[in-house]
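Asks: Listed here are the chains, written in short residue letters.
Protein chains: 2
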Amino acid sequence: MKKIKTPALVIKKSICLNNIKTMAEKGRKSNVIFRPHFKTHQSTQVGQWFKDEGIEKIAVSSFSMAQFFADNGWNDIMVAFPFNLREISTLNKLSEKINISILLAGNEPLPLFTKKLKNKVDFYVKIDVGSKRCGYKPESIIEIEKMLDLAEMNDKLKFKGFVAHAGHFYQAKSVSDIEPLYNKIIKKLQTLKNYFSKSYSDIIISWGDTPSCTVLDKFDGVDEIRPGNFVFYDLMQLKAKICNPDDIAAAVAAPVVAKYVNRHEIVVYGGAIHLSKDYIIENKRPVYGMVVFFTKDGWKFPEKPMYVKKISQEHGIIKMKPDEFFSIEVGDLIGIIPVHSCLAATHLKGNFYYI
Amino acid sequence: MKKIKTPALVIKKSICLNNIKTMAEKGRKSNVIFRPHFKTHQSTQVGQWFKDEGIEKIAVSSFSMAQFFADNGWNDIMVAFPFNLREISTLNKLSEKINISILLAGNEPLPLFTKKLKNKVDFYVKIDVGSKRCGYKPESIIEIEKMLDLAEMNDKLKFKGFVAHAGHFYQAKSVSDIEPLYNKIIKKLQTLKNYFSKSYSDIIISWGDTPSCTVLDKFDGVDEIRPGNFVFYDLMQLKAKICNPDDIAAAVAAPVVAKYVNRHEIVVYGGAIHLSKDYIIENKRPVYGMVVFFTKDGWKFPEKPMYVKKISQEHGIIKMKPDEFFSIEVGDLIGIIPVHSCLAATHLKGNFYYI
Numbered sequence: 001m002k003k004i005k006t007p008a009l010v011i012k013k014s015i016c017l018n019n020i021k022t023m024a025e026k027g028r029k030s031n032v033i034f035r036p037h038f039k040t041h042q043s044t045q046v047g048q049w050f051k052d053e054g055i056e057k058i059a060v061s062s063f064s065m066a067q068f069f070a071d072n073g074w075n076d077i078m079v080a081f082p083f084n085l086r087e088i089s090t091l092n093k094l095s096e097k098i099n100i101s102i103l104l105a106g107n108e109p110l111p112l113f114t115k116k117l118k119n120k121v122d123f124y125v126k127i128d129v130g131s132k133r134c135g136y137k138p139e140s141i142i143e144i145e146k147m148l149d150l151a152e153m154n155d156k157l158k159f160k161g162f163v164a165h166a167g168h169f170y171q172a173k174s175v176s177d178i179e180p181l182y183n184k185i186i187k188k189l190q191t192l193k194n195y196f197s198k199s200y201s202d203i204i205i206s207w208g209d210t211p212s213c214t215v216l217d218k219f220d221g222v223d224e225i226r227p228g229n230f231v232f233y234d235l236m237q238l239k240a241k242i243c244n245p246d247d248i249a250a251a252v253a254a255p256v257v258a259k260y261v262n263r264h265e266i267v268v269y270g271g272a273i274h275l276s277k278d279y280i281i282e283n284k285r286p287v288y289g290m291v292v293f294f295t296k297d298g299w300k301f302p303e304k305p306m307y308v309k310k311i312s313q314e315h316g317i318i319k320m321k322p323d324e325f326f327s328i329e330v331g332d333l334i335g336i337i338p339v340h341s342c343l344a345a346t347h348l349k350g351n352f353y354y355i
Numbered sequence: 001m002k003k004i005k006t007p008a009l010v011i012k013k014s015i016c017l018n019n020i021k022t023m024a025e026k027g028r029k030s031n032v033i034f035r036p037h038f039k040t041h042q043s044t045q046v047g048q049w050f051k052d053e054g055i056e057k058i059a060v061s062s063f064s065m066a067q068f069f070a071d072n073g074w075n076d077i078m079v080a081f082p083f084n085l086r087e088i089s090t091l092n093k094l095s096e097k098i099n100i101s102i103l104l105a106g107n108e109p110l111p112l113f114t115k116k117l118k119n120k121v122d123f124y125v126k127i128d129v130g131s132k133r134c135g136y137k138p139e140s141i142i143e144i145e146k147m148l149d150l151a152e153m154n155d156k157l158k159f160k161g162f163v164a165h166a167g168h169f170y171q172a173k174s175v176s177d178i179e180p181l182y183n184k185i186i187k188k189l190q191t192l193k194n195y196f197s198k199s200y201s202d203i204i205i206s207w208g209d210t211p212s213c214t215v216l217d218k219f220d221g222v223d224e225i226r227p228g229n230f231v232f233y234d235l236m237q238l239k240a241k242i243c244n245p246d247d248i249a250a251a252v253a254a255p256v257v258a259k260y261v262n263r264h265e266i267v268v269y270g271g272a273i274h275l276s277k278d279y280i281i282e283n284k285r286p287v288y289g290m291v292v293f294f295t296k297d298g299w300k301f302p303e304k305p306m307y308v309k310k311i312s313q314e315h316g317i318i319k320m321k322p323d324e325f326f327s328i329e330v331g332d333l334i335g336i337i338p339v340h341s342c343l344a345a346t347h348l349k350g351n352f353y354y355i
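Residue numbers (my numbering), protein chains in the order written: chain A, 1 to 355; chain B, 1 to 355.
These are computed hints drawn from the structure, not numbers from a lab.
The structure displayed is predicted, hence computed values, not measured ones.
Some hints here could point you the wrong way.
Intra- or inter-copy, both count: the list cannot distinguish identical chains.
Straight-line distance between alpha carbons at most 30 angstroms, and here's what the computed DSSO-like set of lysine-lysine pairs gives [unchecked claim]:
hint	residue 1	residue 2
1	K26	K120
2	K184	K21
3	K158	K51
4	K26	K239
5	K284	K184
6	K3	K349
7	K132	K284
8	K160	K93
9	K173	K118
10	K241	K118
11	K309	K26
12	K137	K284
13	K26	K116
14	K239	K132
15	K2	K156
16	K349	K93
17	K309	K137
18	K241	K97
19	K132	K193
20	K241	K132
21	K173	K319
22	K296	K116
23	K57	K12
24	K304	K132
25	K2	K118
26	K284	K319
27	K115	K5
28	K57	K5
Assemble the whole structure, with the sequences as input and the hints as a guide.
Replies: Structure follows, in C-alpha cells:
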C-alpha cells in the first residue's frame, strides 16, 4: 500500500466476491431476479465481479451513474430514484441505446413529461413501505390507478411493476424484527400486485435494502431484489448485527499526519469529504468510523475497538488505546471502517485500491 | 437557471464580491496580510475575484487543491493542514515552481522527511489554541524548540512562524464571547512569538477562522488572517449570528422530484453527497439546510423558515409550510442554504452556477 498517498478506499476482493456470491445464490434459490444496486461502489472493477457472477441487470441512483455504467457495457439499468424531469434529455439519450427504467414516485406532471419522451421507457411505481421518504402508499390504489391511466395515454411508457425500499429497516432495533415486518409489507405489496395484474399481466415487485436481503433466507412474495450496500457492508451494518466483521470488504486508508501523546490521539488525513459525516452512537457519543490495522493481504480488527471521534473537512481525530498509540508513527496508514460505505465510496471515487 | 439539471451550487457574485471586499479592507485597516482560505470555494472564478481585489497569497487544505490553484497561476500557497509525509513528491514538484508553505503539527519524523526535500520550503508550526484538533500547545516551548532545532539541521526548511485556527469559535455560545477569547489566545501566541523572535527575527502569527475574522474589527497582535468560509457563509454561521441572511452567497439548487400532500413534504434531488450530512439543531431536531426561493437575480428567504429534515445519499426531504407547498411543482428548482458551505462546495465541485 506504499502507493497510497492520500485517503483511499481499500477494497478486499475475496470478501467482495464472497458477498456477491452469497447474495446471488440466495436470489437463485428464491427464484428472484438479482438486480444489485451499484451506487455503493460505482466501480468498473466491482461491476465486473458481478458480471462474472452472471448478473446482467443493475440499479443506480442517478443518471450520471447510469451513463457511467452504460459506457461500461451494462444495458439493463434501473435509475432507482424518483425521475428528475430536468434530465429528460439524458434519459432520451440513454434509452436510445440501452434498456433504461425509471421510477415514478408521486405527482409528476405526466402529460408534460411523456410528450418529451423520444423512446420507449419502462417505469416502476415507487411504493412507500414505511420509510416515509418517497412513493405512493400501498393503500393508495385510486391514486396509483389515476397515474397509470395518465401514463397509458402515451405508448412510450411501459408499466413494469412496483419498487419498494424498506429504508427504515436500517433503523431496526433487532435483526429478529425484520422478518415479521417484511412479511407484513409483502402482504400489502401482493394485494397491490394482484389488483393491477388484471390490467398489467407481467408486472413485478422489486424489493431492496441490504438488511432484509442479508437477514432473510428466502424472498417469498417478491420477484426481484436490489440490495447494494452488502457488497462492502460497513460499520452501520456491523453495529446493527446485519453483518460480521469478516463480511466487511472496504476500509478507508488514511495517512497519519500528527500524534499527541498527552491525549493518546492521532490525527489522520481523512475527514468529512472522505468518510462523510454519517455517524453511529458508541458510548453515547457519535463516532465516524472504526479503526483497523492493515496487514499484508487485508486488515485486522484490534482487540478493543477504537473510533474516529471527531472529523472536520480533511481531519479525522482518533482516540487510541495506549499500546496501539505507541506503535503508530506519523506517515503510517491507518484503516478506518466507514460508518456508511456508500457515502465513503462516492467521496473517494477515483481513489480505490484493490487487494 | 433552466440549464441546471442536477444539484448545483448557485453562487451570487455581488454578495461574494462584497464579502471579499469587506474582509480585504478590514485586513488593510489592521495592516495584516490577508491570505484567504480557498478550501471553501475551490473555484477558478471565485479565485479571480480575490485576485481582482489584490490578493496574492492563499491557503488551501490539501496538495490537490494546491496543485489546482498553482495550475491557475497562484504562486504563494500555504497548505494549511499538517504535512502528509506521503505527499513529499507532490511537495517537491510544487516547490520547484511556486512558493509553497507547509504546516508541522507534531511528532513528524523530521530528519527522515527533510532528507527527501528537493527545494526550499517555508514551514509554520501549528499551534493548538483550544480546539484540540492538532498542533503544539502554546505552552510547549521546549517541545517546539526541540522540533525547530531538528528542522534547522536542514537548510531547505525555513521557519516562518505560527499558525493558529480557533476551530472552537464555531461552537461559541455567543458572538460576544469571541473577542475576550481572542485576546486571551493572542496573548499566548505573542509570548511564543516574542520568545522565538530572538532566534528567528521575521516570524509571524497567522490567524484564521471566519467567526473571529468576521466579528472583530481589528486584528491586534497577529500578522496574517486566513478566513475561508466568509466568502459564502452558510446556515451554521447564520445560526451563530456571525452573518446576516444577506451575506450568504451560495445556495444549492435542488430539483424537486416528488411531492406529498398528506404530509406537506417535497422530495428533492439533493442529499448527503451534495449537501453533506452536517447539520444544525432547530427545534431540537437536526436539519440539513434551509429553504430559499430563487428569483430572477438571486433568492429570497421565506417568511417562516423551512428546513431539509432528512437526507439520504441522493434524497432530501423538506417539510413545507402549506402555502409554499402548493406553489411548488415537481420539476421546479428549490434553493437550499447549506449547513456548511465548504462541504457542499467540495461535493458540488464542477457544478457551480454563477449569477
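Asks: Please write out, lowest number first, the hints stated earlier that are contradicted by the structure.
Replies: Violated hints: 1, 5, 9, 10, 11, 13, 18; rest satisfied.
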